[in-house]
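Q: Since the structure of chain S is already known, use the hints to place chain W on it.
These are the residues of each chain, in order.
There are 2 protein chains.
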Amino acid sequence: MEAANFFLQLAVILVSARLFAEVAMRFGAPAVIGELMAGVVLGPSLLGFLQPTEIIQMMAEIGIILLLFQTGIETDARRLFDAGPRATVVAIGGFVLPFLLGFGTSYLLFGHELLVALFVGGTLTATSIGVTVRILKDAGRQHSMEGQVVLGAAVVDDILGVLLLAVLYNFSRTGDISLIHLGTVTLFIAMFILAAPVAAKLLSSLIGGNYHRSRMPGLVATAIVSLVMVFAWLAHLIGAPELLGGFAAGLALSRRFFLPFGLVIHSNKKFRDEVETDMQPIVQLFTPIFFVTVGLSLDLGAVDWSSSYIWLFSLVLAFVAIAGKVAGAFLLVRDHWLVRSAIGMAMVPRGEVGLVFAELGRAAEVFDDATYTGIVLVIAYTTLFSPFWIKLFYRLYGDREELTTTSRARQAE
Amino acid sequence: MEAANFFLQLAVILVSARLFAEVAMRFGAPAVIGELMAGVVLGPSLLGFLQPTEIIQMMAEIGIILLLFQTGIETDARRLFDAGPRATVVAIGGFVLPFLLGFGTSYLLFGHELLVALFVGGTLTATSIGVTVRILKDAGRQHSMEGQVVLGAAVVDDILGVLLLAVLYNFSRTGDISLIHLGTVTLFIAMFILAAPVAAKLLSSLIGGNYHRSRMPGLVATAIVSLVMVFAWLAHLIGAPELLGGFAAGLALSRRFFLPFGLVIHSNKKFRDEVETDMQPIVQLFTPIFFVTVGLSLDLGAVDWSSSYIWLFSLVLAFVAIAGKVAGAFLLVRDHWLVRSAIGMAMVPRGEVGLVFAELGRAAEVFDDATYTGIVLVIAYTTLFSPFWIKLFYRLYGDREELTTTSRARQAE
Chain S
-16 MEAANFFLQL
-6 AVILVSARLF
4 AEVAMRFGAP
14 AVIGELMAGV
24 VLGPSLLGFL
34 QPTEIIQMMA
44 EIGIILLLFQ
54 TGIETDARRL
64 FDAGPRATVV
74 AIGGFVLPFL
84 LGFGTSYLLF
94 GHELLVALFV
104 GGTLTATSIG
114 VTVRILKDAG
124 RQHSMEGQVV
134 LGAAVVDDIL
144 GVLLLAVLYN
154 FSRTGDISLI
164 HLGTVTLFIA
174 MFILAAPVAA
184 KLLSSLIGGN
194 YHRSRMPGLV
204 ATAIVSLVMV
214 FAWLAHLIGA
224 PELLGGFAAG
234 LALSRRFFLP
244 FGLVIHSNKK
254 FRDEVETDMQ
264 PIVQLFTPIF
274 FVTVGLSLDL
284 GAVDWSSSYI
294 WLFSLVLAFV
304 AIAGKVAGAF
314 LLVRDHWLVR
324 SAIGMAMVPR
334 GEVGLVFAEL
344 GRAAEVFDDA
354 TYTGIVLVIA
364 YTTLFSPFWI
374 KLFYRLYGDR
384 EELTTTSRAR
394 QAE
Chain W
-16 MEAANFFLQL
-6 AVILVSARLF
4 AEVAMRFGAP
14 AVIGELMAGV
24 VLGPSLLGFL
34 QPTEIIQMMA
44 EIGIILLLFQ
54 TGIETDARRL
64 FDAGPRATVV
74 AIGGFVLPFL
84 LGFGTSYLLF
94 GHELLVALFV
104 GGTLTATSIG
114 VTVRILKDAG
124 RQHSMEGQVV
134 LGAAVVDDIL
144 GVLLLAVLYN
154 FSRTGDISLI
164 HLGTVTLFIA
174 MFILAAPVAA
184 KLLSSLIGGN
194 YHRSRMPGLV
204 ATAIVSLVMV
214 FAWLAHLIGA
224 PELLGGFAAG
234 LALSRRFFLP
244 FGLVIHSNKK
254 FRDEVETDMQ
264 PIVQLFTPIF
274 FVTVGLSLDL
284 GAVDWSSSYI
294 WLFSLVLAFV
304 AIAGKVAGAF
314 LLVRDHWLVR
324 SAIGMAMVPR
334 GEVGLVFAEL
344 GRAAEVFDDA
354 TYTGIVLVIA
364 YTTLFSPFWI
374 KLFYRLYGDR
384 EELTTTSRAR
394 QAE
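Just so you know, the sequences run in chain order S and W.
Just so we're aligned: the first sequence equals residues -16 to 396 in this note's numbering.
Just so we're aligned: the second sequence equals residues -16 to 396 in this note's numbering.
Pulled out of the complex, with its shape left as it was, chain S reads as follows (with noise of 0.2 Å):
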């Protein structure tokens, strides 16, 4: 491709990105919304006026990479930590009920074949952590208690999604489920959710302690995208998402990181800050890329609105896919019901994860065309229509005591 090309690539989506956001965001619907539809309206699915190209993927990988990133840097880990029984409960539960109702549907109601119903389940289970992620900070409730089970609830399912991915191809390859190397994988992403924050902090404590020996600029930008790059590889080296090695960064230089076995690295605070504000402008350069691109991949213009095959079974689906993710949120009997409502509609975007699994199901040749937009379309629907409501139901019931007292006991410290 011409170079020239893309930099108007680039700026058209980027400018058509803000454009959106800001549209969406004067109707009151949250930004990545708008996000989302520009990449709708400018890809395939309209206009057909941009292709998710090999360079705007790569850039949209970096932009959801480093969302992760300072989503890590925002997170206080201890409440992440506390969070984590309850978000290992939605996370299995909003795995487990979709994987089974859309193997269910998909196998008794539609009468699909056995692969064909895994795939569908499997793609059911994703949860788009990107989305999800946007949703809960353009509602301002990121720092919520119900935010922090939501992020742990979207990495563990991330990791789970990870792992029922590489089950199903070796399957559809072989007929055959090979444990040990499921357990092999497992141990690994395991050792890196330990290792990773102690080891990103570790380098970037070596970086903040010699910062200032260096009398050249840029030393934060360049070492820390770095940084944020090394362990998006060493993620996916051991076969885990990229994103968590993104998230293990940021988490790493979090304001309330502490070394297990109370170890303690001298944190250089003035280094802390730089890196936060260095940073932002690269963040917020990179992520519009990514949702754009998310949108552009939604072909909606393939599917067949004539057929009421692609109809029945979309609606359906959508129908199993939200219920599955909610259901799983209540699973936690001793929240309020407001709280376990917040946590399961914000699992509900499918988003990039599962377009990945859509992807392969099709590449595998397991989907059929039709079968194939249909999930697409459930896609979608979860993708598009998740921020409306749960912004809806913050404006109903954001002020209810349930859903501010976290909140407001944290401002309190």
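Simulated from the structure, these hints should not be mistaken for laboratory data.
Possibly wrong hints are sitting among the right ones.
The list treats identical chains as one, so a pair stands whether inside a single copy or across any two.
[Claimed, not checked] Subject to a maximum C-alpha distance of 20 Å in a straight line, what follows is the list of computed SDA-like cross-link-like pairs (lysine to any residue):
id, residue 1, residue 2
1, 253, 263
2, 374, 385
3, 374, 324
4, 252, 343
5, 120, 37
6, 374, 257
Bear in mind that the values here come from a model prediction, so they are computed numbers and not experimental data.
A: This is chain W only, laid out in the frame that chain S set:
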């Protein structure tokens, strides 16, 4: 390419650029030498660990365009305008003399064919605006009077180079020179130089005048990068070098840019400050990628070091390449010899602009392998050694009144 490999590559580029730059600075050399050497060492010349892939090259292009944008922002338009006549003399002198010397050396001394000699001369006309700007910045002389002349001359040189490239390319294909095409391109570029900063100023005022209305962060990063990308694309569209678009956009946002005919557009000071702070980390992130890529492109591993022809050819040519540029600056007969020397030396590095000429010569099968590698060596000498001389020069003579008056005058303002 797999995303994870790209992440690793990006991290390796950023980290090695930094480490080499820090080492260079410890030894009193300019930082840009370190970044260029990082590319030479990691690239095909030595370790062969990094290849300049398409994505890396696109990010490098963004890097040089953003560097020129930042240069534009830091430029005082009036002082650049004042330096204009002298810059034009230096540019034309430093264009014609190396061309004639290179052509003569190749045609008469080494008995090359006419077309080969024309391309050899063409390659020597180049000045790497990126390396030149960085050298001046590393030496802290970008705001000096001679810095303004060099900047203006490098911009004019780049435009002349594009015109010559078009002529030579056409000539190598058809054996003919189309003066109409040449005239059209010249006219377009002239119009762009006059109109682009004004248009960019109007657009940026539009953004700056509305940005307080947005309740969503990140406007500056996305809007300004888009603005720069659009102007780079526009520059390419009319046949000008893309970085000219970046420079025009930067100039429009500079502190002392005024519209012609006494027109005044209300500049939002807060917006302008935010542009500077927010764009800085983005520029710092992308520019090292550019300089490492220049180093990667210098494939010194392909040089047959036992060939006496290559040694002789490259050393003689390097001598005339340097002499030609310095002689061009000495046409400023009314300036002190120290000023003329400083300007002449800063014009020497050929960098990526020379490589574009050399590549075209190879692609058009004008250069054989030995001549091509000889020319790459000339580019390497002029690019890798110039920063040393200039730094040394300023250490010896930097305090002399002839080189400090304007800087002091500026500080007193």
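Q: All the hints need checking, so say for each whether the structure fits it.
A: Each hint tested on the structure:
Taking identical chains as interchangeable, the C-alpha atoms of residue 253 and residue 263 lie at most 20 Å apart whether they share a chain (16 Å) or sit on different chains (18 Å). When the C-alpha separation of residue 374 and residue 385 is checked against a cutoff of 20 Å, the pair qualifies only within one copy, where the shortest distance is 17 Å, while the shortest distance between copies is 65 Å. Proximity of residue 374 and residue 324 under a CA criterion of 20 Å is satisfied intra-copy only: 13 Å inside one chain copy versus 65 Å between copies. Within a single copy, residue 252 and residue 343 get their C-alpha atoms no closer than 45 Å, and across copies no closer than 51 Å, so neither meets the 20 Å cut-off.
For the identical chains of this complex, residue 120 and residue 37 are neighbours neither inside a copy (28 Å) nor across copies (34 Å), given an alpha-carbon limit of 20 Å. Taking the closest pair of Cα atoms, residue 374 and residue 257 never come within 20 Å of each other, the shortest separation being 32 Å inside a single copy and 30 Å across copies.
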